[in-house]
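In full-length UniProt numbering, the protein residues as written are 1 to 291.
Label pairs and their in silico Cβ distance ranges:
| # | residue 1 | residue 2 | range |
| --- | --- | --- | --- |
| 1 | R208 | T53 | 45 to 51 Å |
| 2 | D191 | L139 | 49 to 55 Å |
| 3 | L148 | V247 | 25 to 31 Å |
| 4 | N224 | D152 | 19 to 25 Å |
| 5 | N224 | E183 | 38 to 44 Å |
| 6 | S182 | T45 | 48 to 54 Å |
| 7 | R18 | L103 | 51 to 57 Å |
| 8 | T53 | L130 | 43 to 49 Å |
| 9 | G149 | V247 | 21 to 27 Å |
Everything labelled a hint here was simulated from the structure, so no lab data went into it. Just so you know, these numbers come straight off a predicted model, no measurement behind them. Yeah, the Cβ is synthetic: ideal placement off N, Cα and C, and Gly gets one too.
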Amino acid sequence: MTDIAAPIDAATGPSGGRKEAFSTKVYLYTSLILVTAIVIVPLITTALGGFKTLGELRGNPFGLPSVWQWENYGGILFSQRYWLQMGNSLLIAALTVFLTLSLSAMAAFTFAHVKFFGSGFLLNYFLIGLMFPAATAILPLFIRIRDLGLLDTYWGVVLPQAAFGLGMSILLFRNFFRNLPSELFDAAFVDGAGYMRFFWSITLPLSRPIIATVGIISFVGSWNSYILPLILLNSESKYPWPLGIMVYRGEFSTDWQLILAFITLTILPTVIVFFAAQKHIIAGLTAGAVK
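Produce the complete structure using the sequences and hints provided.
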């Protein structure tokens, strides 16, 4: 009796599997390198452009400076205008983050653990806000802020930014809270804890990843906001950096090396904050993906 061995498919055999895995890795690493280059190259080019003279910037926009012009950055760092605009941006962003985190965390906890009539309708009402960017509501928003007497104030910018950020923040918080172990909730009720005690003493300490995620998203969105401050602020002394760079560009329209240096110094805080909280952001976004 002769055993007839079936031919081994090269694509599914050991060597074929290794080739497929190698091809997959090559594809993934190539894609990551391309995406990284698309993001990093403009940032590096902008930072290096701030160290050049205008003539060298035009003739050699992507290379290293032949002579490093440190005074381009020094003149901005030692100017009062730069620190005033950075302080305005930081104050507006900090207030926006505080309001967004406070309101969205409490609302998301309610939607995740408390059953009441109309909860689904209210949740969908908040989520509908994701479909409408702030630019579509500029006119009624301007009228409402004017009627409240908040034009040309920090709160006139902070309140709309926090309101437009509630939809996404509630969605992220709610998904995270629903994936916390239900045994914690049961044990807390057995020990006599109510909803508020469970929220402050158990839920929030376990929610640092999602708090960091929502906080960074809110901070970056507020830090880079341009339309709302442009419409709602009139005093140059209250301008955040996006409006400040508009004024700066008007004064130094031909000195592009100074504009690039100004841009580099204003985006640097968000880059530092993002890298400092990177692990928490990834943990928050992937929470509940695998049980």
